[in-house]
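K.L.:
Given the sequences, and given the hints that come with them, work out the whole structure.
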Amino acid sequence: MSVNDEPLLHAQDLVRRYAVRRGMFGRPAEVRAVDGVSLTLRRGQTLGLVGESGCGKSTTGRMVLGLEMPDSGGVAFRNERMPPPGTPEWRRLRARMAMVYQDPLGALDRRLDIGVQVAEPLEIHGIGTRADRPARVEALLRSVGLRPDQARSFPHELSGGQRQRAVLARALATAPDLLVCDEPISALDVSIQAQVMNLLSEVQARTGVAMLFISHDLRAVRQMSHRVAVMYLGRVVEEGEPDDVLRAPAHPYAQALVSAIPHPGRRGGRIVLKGDPPNPAARPTGCAFHPRCAVAAAVCARDVPALKPRAADRRLVACHVAQGEAAPGAGLPRHALEAA
Amino acid sequence: MLRFLGLRLARALLTMVLVVTFAFVVLRLSGDPALLIMSADAPPEAIAAFRQAWGLNDPIWQQYIRYFAAIFRGDLGQSMRDGRPAIELVAERIPATLALTLPALAMKLGIGIPAGIHAALHRNSFADRAVMLLAVAGFTVPSFVLGLLLVLVFAVQLGWLPSGGQESWRHAVLPVLTLGIGGAAVLARFTRSAMLEVLGQPYMRTALAKGVPWARAVRRHALPNAAIPTVTIVGFMVGSLLAGAVVVESVFSWPGVGRLLVVAVANRDLAVVQCILLLVAATMVSANLAVDLLYGVLDPRLRSAPREATA
Chain A
1 MSVNDEPLLH AQDLVRRYAV RRGMFGRPAE VRAVDGVSLT LRRGQTLGLV
51 GESGCGKSTT GRMVLGLEMP DSGGVAFRNE RMPPPGTPEW RRLRARMAMV
101 YQDPLGALDR RLDIGVQVAE PLEIHGIGTR ADRPARVEAL LRSVGLRPDQ
151 ARSFPHELSG GQRQRAVLAR ALATAPDLLV CDEPISALDV SIQAQVMNLL
201 SEVQARTGVA MLFISHDLRA VRQMSHRVAV MYLGRVVEEG EPDDVLRAPA
251 HPYAQALVSA IPHPGRRGGR IVLKGDPPNP AARPTGCAFH PRCAVAAAVC
301 ARDVPALKPR AADRRLVACH VAQGEAAPGA GLPRHALEAA
Chain B
1001 MLRFLGLRLA RALLTMVLVV TFAFVVLRLS GDPALLIMSA DAPPEAIAAF
1051 RQAWGLNDPI WQQYIRYFAA IFRGDLGQSM RDGRPAIELV AERIPATLAL
1101 TLPALAMKLG IGIPAGIHAA LHRNSFADRA VMLLAVAGFT VPSFVLGLLL
1151 VLVFAVQLGW LPSGGQESWR HAVLPVLTLG IGGAAVLARF TRSAMLEVLG
1201 QPYMRTALAK GVPWARAVRR HALPNAAIPT VTIVGFMVGS LLAGAVVVES
1251 VFSWPGVGRL LVVAVANRDL AVVQCILLLV AATMVSANLA VDLLYGVLDP
1301 RLRSAPREAT A
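Line by line, the protein sequences give chains A and B.
All the letters of the first sequence, read from the start, carry residue numbers 1 to 340 under my numbering.
All the letters of the second sequence, read from the start, carry residue numbers 1001 to 1311 under my numbering.
No wet-lab data here; the hints were simulated from the structure.
Because the structure is a prediction, the values reported are computed rather than measured.
Positions of the beta carbon are idealized from the N, C-alpha and C atoms, including for glycine.
Wrong hints could be hidden among the right ones.
[Said to hold, decoys possible] Listed next, with one range per pair, are the computed distances between beta-carbon atoms:
1) P1095(B) with P85(A): 47 to 57 Å
2) R1003(B) with A135(A): 29 to 39 Å
3) R21(A) with L1161(B): 40 to 50 Å
[Stated by the list, open to error] Stretch by stretch, here's where chain B covers chain A in the computed footprint (C-beta under 8 Å, at least three residues):
4) 92-100
5) 238-252
[Claimed, not checked] Just a few of them, taken from the derived set where beta-carbon distance is under 8 Å, the chain B residues facing chain A:
6) P1202
7) A1209
8) K1210
9) G1211
10) R1219
11) H1221
12) P1224
13) L1298
P.N.:
Below you can see the structure in the form of structure tokens.
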């Protein structure tokens, strides 16, 4: 195995729990936002992370960056354990990884011009000298398709796409190894989404940065990713090549997600999920998806399916039915669950 | 920026005109000053002569125009009580009022802003809860209640400080405390919520994720952004330097502008009331103007409004 095949970052069995309280005097309940997620990121490659709101995508992203400590499990970056937040080693590591958020206007300080904000990471990590900073900022702005004179613009003077470019220039200032993009295009117009995605691909081709691309937009994920992981209620339920996972999904939840992508000329054929959207505070027993699953069998309400390679094609999937361990059931009506 | 300034100035002038008009209308329509001042059993000839002398027999619109013209000449009329120029009566009270409100303003800023910032930076800590509890107590208790409470404790029970009057600096302590506590409470709450709002912004999260040390992120990103809404409330406090102490001056029998206003209103001393209203409005309007200019400095979006991008 050559050095480049070594994973840049490996997250093992990440678990993140939050204590929530219902009302002022409610009993504290535990919510598992992330419940045993393992991910591997490689240099120059993009891992797409998809799933509905609240499934733990963003929390996973923050743990991967080391902004939040997992309650159990761990993250290894370049074969070294992530240091605890706030320590000097952790702060040095900030230069090696960057994050791009959904709302570019919110991610910029409206009082400071773009040049100052792009230069800030250089200042705090002591990269370059004061004298060569303007040149560095200029090069960064050019590299994301902004004009050097836009360094003097304030965030409100730029369009949405330009703001996201500025955010990206700031993220790339320290030449990071890892970029976590949390819904980077959701707040943008459709025409600008494509530009920003192209820019991200371009940057990756040029710099070899590894990306974790978090999105609920399956088409964007398919275009951007080398691998895709589908999350449901804090767990990865399926992982594989984008073309496999997003064309012929194995997990019933992934099938429902994929069938929701609108296609011109297609009528019907959508799998409409029944039942309540998942509530992490009241996690179903067994497979978390079974109350909404069309093919759930009796075992699904009892045993948690493990994420493992499927015999037929080595695709990673966490489903008793897809693994062939259980015959497809007709779904479990809710009253059957309560009796069980 | 010039257009912005011109607009603000025009609005400030319009506000002043409205205040003058309002004062005139309300005071003229709410009772006959001749009867109030001369008392009802005065000889009719005397009342008629009073009306003649002050021009109260003319149609109301003529009185209005005359009043307005006089103001533009810088003539704010004479007190109907003792015939001295109203502006003189008011001016000699201003130092007494500022002797209370300026130290109180310093106390509001000196306690309210640091307390609010500390509470926000240590959210949900004991200090935060204590500050907020005190703040809610401080601004829900009306100033006359707080003033009387302070008198009860420090003047009546402990006998440390005098309960009223204006003989020495010790007489100013309780009224300044009364004014300062309420204002500091309001400012602490305001500063805290402005800070919390900014601390939750993605650019703060981004800065920390980029490895910016906490103290630097607070200094460079949080405090300047939180200052923008806080400036508004501080401007309001500066604007009420002259008028903010009416109740407190009455409670502590402090001979300032506020007490003069109360007495002048009770006596229908129109010229004095109008003079005070004009002065108070002028301070408030100039404070607001100053706030608007400060906004331009603090918030680049206001400096270059015409270049606003839409997408």
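K.L.:
If a hint holds in the structure, say so; if it doesn't, say that too.
P.N.:
Each hint tested on the structure:
1. P1095(B) with P85(A): 47 to 57 Å: Holds - the Cβ-Cβ distance for P1095(B) and P85(A), about 55 Å, lies within 47 to 57 Å.
2. R1003(B) with A135(A): 29 to 39 Å: 37 Å, holds
3. R21(A) with L1161(B): 40 to 50 Å: 46 Å, holds
4. 92-100: holds (count 6)
5. 238-252: violated (count 0)
6. P1202: 4 Å, holds
7. A1209: 5 Å, holds
8. K1210: 5 Å, holds
9. G1211: This interface hint holds because 3 Å falls under the 8 Å limit.
10. R1219: 12 Å, violated
11. H1221: 5 Å, holds
12. P1224: 6 Å, holds
13. L1298: 7 Å, holds
Checked against the numbered hints given earlier, this structure breaks hints 5, 10; the rest are met.
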